[in-house]
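Peer 1: Could you put the whole structure together from the sequences, leaning on the hints where they help?
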Amino acid sequence: MIASLARSSMVLAVLSMVALAGTSAWFAAEAWTGLEAGERLLVGACLAVGLACSAAAVVLVREERWAWAAGAALVATVTPTGDVYLGNAMTLALAICTGGIVLLGRSRRLAPAAR
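Quick note on numbering: the sequence shown equals residues -21 to -1, 1 to 94 in mature numbering (1 follows the signal peptide of the UniProt record, and there is no 0).
No lab work stands behind these hints, which were simulated from the structure alone. Positions of the beta carbon are idealized from the N, C-alpha and C atoms, including for glycine. Incorrect hints may have been included.
[Unchecked claim] Ranges between beta-carbon positions, derived for each pair: (1) Leu65 <-> Ala(-16): 19 to 25 Å; (2) Arg19 <-> Glu42: 32 to 38 Å; (3) Leu20 <-> Gly79: 34 to 40 Å; (4) Ser(-14) <-> Ala8: 28 to 34 Å; (5) Arg85 <-> Leu(-7): 22 to 28 Å; (6) Ala(-19) <-> Thr12: 44 to 50 Å; (7) Gly17 <-> Ser86: 44 to 50 Å; (8) Ala(-19) <-> Ala27: 31 to 37 Å; (9) Val38 <-> Glu9: 27 to 33 Å.
Peer 2: Listed below in structure tokens is the structure:
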């Protein structure tokens, strides 16, 4: 089960990053002209944080650092990056998968040895 979650986590990490990057760029291109300077700074910061956390999640999943990947995916999920419902749903699924890997691995280590 852990191997299956690990494989699906890599696919989810890449797909959610692509979805977030594409739709965030589209959102920024549409909304940028109607924003004032302070709003542009806020939108730019949110997009940078969300996409950086999503990219970090991809790298952390590749390195099999599951707890950090779950945290990065969770931050990427809650950071506003435009109207990215599918990307946010995939990123939330990534956080759940990587969190499940952490919990399953922890319970496996704490289980008594079979005799």
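Peer 1: Confirm or reject each hint.
Peer 2: Each hint, compared with the structure:
no.: 1; hint: Leu65 <-> Ala(-16): 19 to 25 Å; in the structure: 22 Å, holds
no.: 2; hint: Arg19 <-> Glu42: 32 to 38 Å; in the structure: 34 Å, holds
no.: 3; hint: Leu20 <-> Gly79: 34 to 40 Å; in the structure: 37 Å, holds
no.: 4; hint: Ser(-14) <-> Ala8: 28 to 34 Å; in the structure: 31 Å, holds
no.: 5; hint: Arg85 <-> Leu(-7): 22 to 28 Å; in the structure: 27 Å, holds
no.: 6; hint: Ala(-19) <-> Thr12: 44 to 50 Å; in the structure: 48 Å, holds
no.: 7; hint: Gly17 <-> Ser86: 44 to 50 Å; in the structure: 48 Å, holds
no.: 8; hint: Ala(-19) <-> Ala27: 31 to 37 Å; in the structure: 34 Å, holds
no.: 9; hint: Val38 <-> Glu9: 27 to 33 Å; in the structure: 29 Å, holds
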